[in-house]
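Next come the chains, spelled out residue by residue.
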Amino acid sequence: MSDGTALYPQLVLEHRRNPRNRGHLAACTHAADGANPLCGDRLRIELRCEAGHIVQLGHSGEACAVAVATASMLGELVDGLDADAVDALGERFAAYIEGRGDATGLGPLAAMAGLQQHPSRRKCALLPWATLRAALAGSTGATTETESSMQASTATAPPAFRAAVAADVDAIVDLVQSAYRGEGSKQGWTTEADMLDGQRTDPAGVAALLTTPGSLVLLAESTGRLLACAHVERQGDAAYFGMFSVSPQLQGGGIGRAMLGEAERIARDEWGCREMQMTVISIRDELIAWYERRGYRRTGQYKPFPYGDERFGVPKRDDLRFELLVKVLQARS
Amino acid sequence: MTGPQGHALDVARVREDFPLLARTVHGKPLVYFDSANTAQKPRAVIEAVDRYYREFNANVARAVHQLGEEATAAYESARDKLARLLGAPSREEIVLTSGTTQAINLVAYSWALPRLRAGDEILVTTMEHHANIVPWQLVCERTGARLKVAPISERGELLVDRFVDALTPSVKLAAVAHVSNVLGTINPVAELARATRKRGIPLLVDGSQAAPHLAVDLRTLGCDFYAMTGHKLFGPTGTGALWARREILREMPPFFGGGEMIREVRFDGTTFADPPHRFEAGTPNIAGFVGLGAAIDYLDGLGHAAIGAHEQALLDHLTEALRAMPGVRLFGEAAHKVPVVSFLVDGAHAHDLATLLDHEGIAVRSGHHCAHPLMQFFGVPATLRASLAFYNTHEEIERFAAALARVRTLLA
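Here the protein sequences line up with chains R and E, keeping their order.
So for the first sequence, our numbering puts the first residue at 1; every next one is plus one.
So for the second sequence, our numbering puts the first residue at 1; every next one is plus one.
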């Protein structure tokens, strides 16, 4: 074998055979899924952060030797770093493999020098970095390919918001069910399939929300397709946000964030509310972390789960309860 | 190299016609097994393009000067040659396009979009290239029509009974690859066309991968639209064609507007040229079609029978070599195939193998080959694909097999 091994020196092959930090974390605070559909590379990075610093990293998934070895090597390197330091190191790595910088501070990743001669494979090494940075930034997905996949072609148009009407009830029920229940929901991260069976809502429940005064069901659509929904209800000075659902295949693409922002805008600017409230199943740490990154705080106030009322589903465990989250809505000056 | 019957292809001489095949890659002689991605070009094509720019570069169908006459004649002769190559009843039925993708989109926007309604269906198969899926999805999004998929077998053959069963009255168009770009499967188009015609459903055939290997005869195929590309047919990139029956083309409104496609333009209304020029707005890829004409002449000189015999021998050899290797999974073992073989090697990612093979001088493709649904059918994210052409040799297959056996041990 001649220079063909430049991209695969022994250290890279060794990390590929015995990846460090491989696996899932029992308690993770941040996670993101990276995918390069053109290559067929998929990898997940899970993090446990304390006070904004990485204390543990786990990676999993199916990917090529370059991506797996990079994920294995960077785990040791980012231990103890915060998001800014990771960004800086990621930039340095990108510069190194493009031949624009040296390997200072990159530790074992210096072995990736072969990428300087392989532009087409750089995206493989950048995928773990992009996924790590996405996880730290509170985003759930990343790619280092720009090819528009088929999903992208149907999801790229910016969503349009409108209030639901009676004719939308069935589509809303389908969307809510798809985001929370059953095997299909596991394509997204909002799934509750491992906690609850049965229904999340039903047509009667949704229809009732549509006729409640001071309340609206907000829909996000693109090219006629329902992408996300949420219920917003005015309760005096506060607004309540619930039934938040994003189509599982589209999660991680920023639609949820846009929907939450639109609901906050309505509550603040149209209703004059000072606070947004919501309740979240208290064991859903990832979900609570997502809201915390959007300015919500935990209150320590809990509400019991309605055990026995199958309109809310059939629990698979007996420790479910809701925690109240709140965010102060600051008026735009 | 000799084929099983007379008129054998002299592969050593053929290879001399392709200057690029003589180069080295990473210090090794090139083994080019990626012709289904794009084919290499014979000297005749390269020289025809060169000669056009040196000797008669001018715009077509506008200039009355001598250069314009020569350019127009050379460009239009590509239409004649394509008509002959495909067995089209008339040259006026050949619309020159930038490739298969544009040809299929022309049918999608000009024929399907005005006709389809909510509840209608378009039938495709599991083995389609994205170019024969996405345009229909865009039409469906706008019209409320739905895409319906005819399944294939584990061997990678279309289940013809299931295809025929799927031809219900709601199906307004069927669109099928003549040859699968991933599996190499040759679909029984004539049989499918008999079923669609009986039900009055137009059939579009994506011929991208067929034209380089098979003698296509539209008169016996019986389909209604045939799309193909020039760059896989040993011609320049940015060339291709759509064939459709004259009566269908006459019913299709223009897709692109501009020069060349009009009869008379007035601000109170424009009348359009007849097909095929109605669909050829703007200055076309003149040099490209001059080159494509040369490619078709070159193929005529070799003869389809000789090409087919050599390619079948290459396919058998390559398939046997891969079958003999432990831990190799083949995708697509249809009875009728062109020399395209997709495979995976246990424990090694397709991309890593492709990079390591590249350093042995061997060019294969790794990835999803623009056929995500087919990858999903086989439950794999990507495959390696070796796609051969008549200029490949048995010795190259031996080199490929030996290199594959060597590089996989690195990843084990």
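Hint data in this document are derived by calculation from the structure and do not stem from the laboratory.
Hints should not be assumed to be uniformly reliable.
Stated by the list, open to error - Simulated pairs of lysine-lysine, DSBU-like, Cα-Cα distance not exceeding 35 Å:
1. R/K123 - R/K316
2. R/K186 - R/K123
3. R/K186 - E/K28
4. R/K316 - R/K303
5. R/K123 - E/K28
6. R/K123 - R/K303
All figures in this text were calculated on a predicted structure; none of them were measured in a lab.
Results for each hint:
no.	hint	result
1	R/K123 - R/K316	41 Å, violated
2	R/K186 - R/K123	27 Å, holds
3	R/K186 - E/K28	48 Å, violated
4	R/K316 - R/K303	18 Å, holds
5	R/K123 - E/K28	26 Å, holds
6	R/K123 - R/K303	46 Å, violated
Hint check: violations occur at hints 1, 3 and 6; the rest are consistent with the structure.
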